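Chemist: The task is simple: from the sequences and hints, build the whole structure.
Sequence lines, in order, name chains A and B.
For the first sequence, numbering that gives the first Met the number 0 assigns the number 0 to the initial residue and increments by one for each residue that follows.
For the second sequence, numbering that gives the first Met the number 0 assigns the number 0 to the initial residue and increments by one for each residue that follows.
If you are wondering where the hints come from, they were derived from the structure by calculation, not from laboratory data.
As the structure is a prediction and not an experimental result, all values here were calculated from the model.
Even for Gly, the Cβ is constructed at its ideal location relative to N, Cα and C.
It is possible that some hints are incorrect.
Derived list of chain A stretches under chain B, where covered just means 3 residues or more per stretch with a C-beta under 8 Å from a C-beta of chain B [stated by the list, open to error]:
| # | region |
| --- | --- |
| 1 | 57 to 71 |
| 2 | 147 to 155 |
Heads up, incomplete: computed chain A residues facing chain B, CB under 10 Å, no partners named [as the list claims (entries may be wrong)]:
| # | residue |
| --- | --- |
| 3 | 96 |
| 4 | 97 |
| 5 | 102 |
| 6 | 103 |
| 7 | 104 |
| 8 | 105 |
| 9 | 106 |
| 10 | 107 |
| 11 | 108 |
| 12 | 109 |
| 13 | 110 |
| 14 | 111 |
| 15 | 185 |
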Amino acid sequence: MTAPLRVGILVFPGSNCDRDCQYAVTQVMGTKADFIWHKESTLPQVDAVIIPGGFSYGDYLRTGAIARFSPVMAAVTRFAEAGGVVLGICNGFQILLEAGLLPGAMLRNRSLSFVCKDIHVRIESTDTPFTRRCKPGQVLTLPIAHGEGNYYADQATLTRLKAQNQVIARYCTEDGKVTLEANPNGSLDNIAGIVNDAGNILGLMPHPERCADALLGNEDGRLLLLSLLDSLSSRIPVSVQRAR
Amino acid sequence: MKAKVSVTLKRGILDPQGLAVLHALSSLGYTGVNDVRMGKLIELELATHDQAGAEAEVKAMCERFLANTIIEEYRIELEA
Chain A
0 MTAPLRVGIL
10 VFPGSNCDRD
20 CQYAVTQVMG
30 TKADFIWHKE
40 STLPQVDAVI
50 IPGGFSYGDY
60 LRTGAIARFS
70 PVMAAVTRFA
80 EAGGVVLGIC
90 NGFQILLEAG
100 LLPGAMLRNR
110 SLSFVCKDIH
120 VRIESTDTPF
130 TRRCKPGQVL
140 TLPIAHGEGN
150 YYADQATLTR
160 LKAQNQVIAR
170 YCTEDGKVTL
180 EANPNGSLDN
190 IAGIVNDAGN
200 ILGLMPHPER
210 CADALLGNED
220 GRLLLLSLLD
230 SLSSRIPVSV
240 QRAR
Chain B
0 MKAKVSVTLK
10 RGILDPQGLA
20 VLHALSSLGY
30 TGVNDVRMGK
40 LIELELATHD
50 QAGAEAEVKA
60 MCERFLANTI
70 IEEYRIELEA
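Modeler: The structure is reproduced here in structure tokens:
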């Protein structure tokens with residue numbers, strides 16, 4: 000019998016979605032969850048790492064700017080470079096950008112307001128460890144809650160992201176049209192989530208862990224969490240999955 | 000020695016805060032303002048008195064941490 004799957008969840012001062020992620024990992028995915036404090040310089044034996052949402056280090060200087068230099072992020076970088084699966088949600092996405100594990104940067108929402116509401120995203124690539132249970136073009140309803148979700152990358156980076164199918168989710172209307180009106184934060188090309196070029200790191204602004212239980216009235220987040228579960232269970236290296 | 004670092008969004012990146020202030024100034028009658036860029040001012044108290052060394056060190060701090068050069072530019076002013 001193989002060892003049970005374990006998902007590490009980072010905890011920074013100011014993380015506030017770590018418990019929600021623990022619930023999603025244990026109750027929805029049915030795997031073990033390990034909290035990992037930001038001062039740890041090595042990771043325990045885990046199959047994936049989630050960087051949860053929140054306001055790490057008070058979002059001082061820039062969102063994620065201080066968290067990315069924490070000891071645990073050096074360990075996460077080594078884990079990711081060895082092909083380990085990493086999911087950064089909201090502040091987790093911002094930290095991954097600051098760490099340079101994903102390309103681009105976050106600007107303040109164009110409206111200058113903190114936006115907390117349900118939005119729709121279109122799944123643009125199902126060829127990732129995080130979206131394999133989705134249908135191409137499937138529209139999911141997911142909650143967002145952020146003040147800095149206005150994704151920015153220079154033109155060359157955007158072109159590369161698109162050419163390599165690294166844009167995973169884009170803000171859209173309920174029927175899947177990617178429009179200016181459906182963009183809640185001014186994000187470049189309506190980008191809500193991207194993967195790195197190897198495909199093992201996902202940064203996502205919406206919160207799948209907040210909508211993965213029928214009790215909360217929306218289970219769309221399950222698709223992403225169960226996709227991750229499938230990927231970890233199959234234990235197939237991401238590079239092999241992506242290359243097909 | 001003191002260093003003042005100002006960090007603003009790069010030219011070409013929309014600065015909604017600056018734009019809001021520009022509009023407010025114009026509605027107050029200050030119509031001669033063409034553009035407003037908002038940013039951060041970071042004041043550093045440095046232990047060193049070596050101008051060249053300080054400049055190199057603060058530049059390194061900006062590149063690595065104080066500014067995100069994907070979206071921001073910075074300016075360093077040193078005061079003895």
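Chemist: Take the shortest C-beta to C-beta distance between residue 107/A and chain B; is it under 10 Å?
Modeler: holds (7 Å)
Chemist: Hint validation: residue 110/A versus chain B, beta carbon distance must be below 10 Å. Holds or violated?
Modeler: Check passed: Cβ of residue 110/A comes within 7 Å of chain B, closer than 10 Å.
Chemist: Identify whether the interface hint at residue 109/A stands, where standing means a beta carbon of chain B within less than 10 Å of its own.
Modeler: OK, holds: residue 109/A within 10 Å of chain B, min 5 Å.
Chemist: Three or more residues of the region 57 to 71 of chain A near chain B by CB distance under 8 Å?
Modeler: holds (count 4)
Chemist: Can you verify the interface hint for residue 104/A: is its Cβ closer than 10 Å to any Cβ in chain B?
Modeler: holds (4 Å)
Chemist: Using Cβ atoms only, decide whether residue 185/A comes closer than 10 Å to chain B, and label the hint accordingly.
Modeler: Cβ of residue 185/A sits 8 Å from chain B, so the hint holds.
Chemist: For the hint on residue 102/A, does the least C-beta distance to chain B fall short of 10 Å?
Modeler: holds (8 Å)
Chemist: For the restraint on residue 97/A, tell me whether the closest CB of chain B is nearer than 10 Å.
Modeler: holds (7 Å)
Chemist: If you take the shortest Cβ to Cβ gap from residue 106/A to chain B, is it below 10 Å?
Modeler: holds (6 Å)
Chemist: Holds or violated: residue 103/A as interface residue toward chain B, Cβ cutoff 10 Å?
Modeler: holds (7 Å)
Chemist: Would the hint on residue 105/A stand, with a C-beta cut-off of 10 Å toward chain B?
Modeler: Given a least distance of 8 Å, the restraint on residue 105/A holds.
Chemist: Verify the interface restraint on residue 108/A: the C-beta must sit less than 10 Å from at least one C-beta of chain B.
Modeler: This interface hint holds because 8 Å falls under the 10 Å limit.
Hint compliance for this structure: no hint is broken.
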